[in-house]
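Asks: The opening position of the sequence shown corresponds to residue 0 in numbering that gives the first Met the number 0, with each subsequent residue numbered one higher.
What the hints contain is simulated information worked out from the structure, not anything from laboratory work. Take these hints with a grain of salt, some might be off.
Claimed, not checked - The calculated EDC-like cross-link candidates involving lysine to aspartate or glutamate, where the alpha carbons are at most 16 Å apart (straight line), are:
id, residue 1, residue 2
1, Lys129, Asp96
2, Lys324, Glu358
3, Lys83, Glu98
4, Lys93, Glu269
5, Lys41, Glu147
6, Lys93, Glu270
7, Lys71, Asp235
8, Lys60, Glu147
9, Lys133, Glu98
10, Lys88, Glu269
11, Lys83, Glu269
12, Lys49, Asp125
13, Lys198, Glu169
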Amino acid sequence: MTQVQQPDAHRSEDNQASQDVRGSMQTSTAKANVLTRIVDTKAAHIAALKLRFPEDSLTPKISDRSLFAALKAPKAGYILECKKASPSKGLIRKDFDVEAIASIYTQYAAGISVLTDEQFFQGDIDYIPKVRAKVSQPILCKDFFVDEYQVKLAAHQGADAILLMLSVLEDERYQQLASEAAKYQLDVLTEVSNEEELKRAIALNAPIIGINNRNLRDLSTDLATTEALAPHIGSDRVVISESGIYTNEQVRRLSPLVDGFLVGSSIMAEEDIDLACRKLIFGHNKVCGLTRLEDIQAAATAGAVYAGLIFAEKSPRALTQEAAKQLVQQYRAANLPAIEFVGVFVNSTPELMASVAQECSLAALQLHGSETELEIAELSQLLQQAGLNTQIWKAVSVDAQSGELAAMPRGVQRYLFDSKNDAGFGGTGQAFNWQLPIAHKAEAMLAGGLNADNAARANAQGFYGLDFNSGLETAPGVKSAEKIQAAFSQLRL
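All chains, please: the whole structure from these sequences, using the hints.
Replies: Shown next as structure tokens:
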């Protein structure tokens, strides 16, 4: 929560009120005029660029990477953005290493967008060649294009596509800039934000149409903009949804309507960009019963967010506390893709679980026994006292025949629905009827009998995430990298 600074004790209340009103008016006016203000700076920005890059010294390159073709691939294509700041959010990423960011994006993106506007986005045209040296994907130079010089400079720096905004350009100016782009075989991402602009884009024969869910005049976002406009665009075009895309749930909501997504701020704001990409593109999925370093790596590389370590003694995949600690430490020391570890317990004491959570730096404790609300409350208190942010998840068994649910105790951050076994604790490796009218689906994990053959169908049920285990194994506790990859390939829409 943002803390409000208290007024100086010696400042009069009238003075304070006056300044508050002026500040409010200035904020409102600034938001309302943000697009105009940005465009108004372009002439000065272009003049400064011409001093750095005299027009007669430019040697524009002919692009050999097609953004259109990359986005027309069967699965949703992501244009992932290198963005340091924005007018709506201010500084987004203080530690901004564009080459490191691009190197991560190359694993997930169909195209890579690079912000080059300096004043409002803290971008730089020199980011383009730096990114190009790191990736094989087409590069979108994202700026407010108003002059042919900008197009020529983008091609000189190695861009493969440019952004033309119909909120900024009249049709004639758009055509002039698009013609300049065609000289260098640059694709054009034509951005629209309302019905009138969409009609213009279609009339202008724009091959790639980006629907901006952000109103650039007041900075508000609404995904319904994509839902309203996308159905009016023919299948011969590429349709991209831009702005306001933060979660895999939103991706699932819009993916039937579009060919891809342009995402920047939501990823840039996260501490770990690789993990943020996995959450967005694949969802919050777990591979459980991990016992080997190479299997954890295979899970993270394929797209998993969570790695499950089982501490239930009767499980063939059980780890001792010491073995789990060593496994976690070895993984983190190896500088492998980040993953969040989850400990799985059956009727362990709150003291033991809190101890393991601290020693193994667990993101969550998953309880698979008959733990009571009192024990859960005690565990929660122990975690708080230890200064841990570890969540508590509770497995809820579902009768495969009747669909009857076990008790759902309070005090947990997430439920996990699993098929009931003779002991009532789940972990059967069998699926139940996923179409059952289960409450809290969107906040719950789904477990039981998941594998590459049914992953796509399970993913369509609306659960928060999927929990894979025996369906990805060659033997208990021994995962197959091929099966993991096959399952997660089904989760990418």
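Asks: It remains to establish, for every hint, whether it holds in the given structure.
Replies: A quick look at each hint next to the structure:
{"no.": "1", "hint": "Lys129 / Asp96", "in the structure": "10 Å, holds"}
{"no.": "2", "hint": "Lys324 / Glu358", "in the structure": "7 Å, holds"}
{"no.": "3", "hint": "Lys83 / Glu98", "in the structure": "13 Å, holds"}
{"no.": "4", "hint": "Lys93 / Glu269", "in the structure": "11 Å, holds"}
{"no.": "5", "hint": "Lys41 / Glu147", "in the structure": "12 Å, holds"}
{"no.": "6", "hint": "Lys93 / Glu270", "in the structure": "11 Å, holds"}
{"no.": "7", "hint": "Lys71 / Asp235", "in the structure": "10 Å, holds"}
{"no.": "8", "hint": "Lys60 / Glu147", "in the structure": "15 Å, holds"}
{"no.": "9", "hint": "Lys133 / Glu98", "in the structure": "7 Å, holds"}
{"no.": "10", "hint": "Lys88 / Glu269", "in the structure": "14 Å, holds"}
{"no.": "11", "hint": "Lys83 / Glu269", "in the structure": "12 Å, holds"}
{"no.": "12", "hint": "Lys49 / Asp125", "in the structure": "14 Å, holds"}
{"no.": "13", "hint": "Lys198 / Glu169", "in the structure": "13 Å, holds"}
Hint violations for this structure: none, all hints satisfied.
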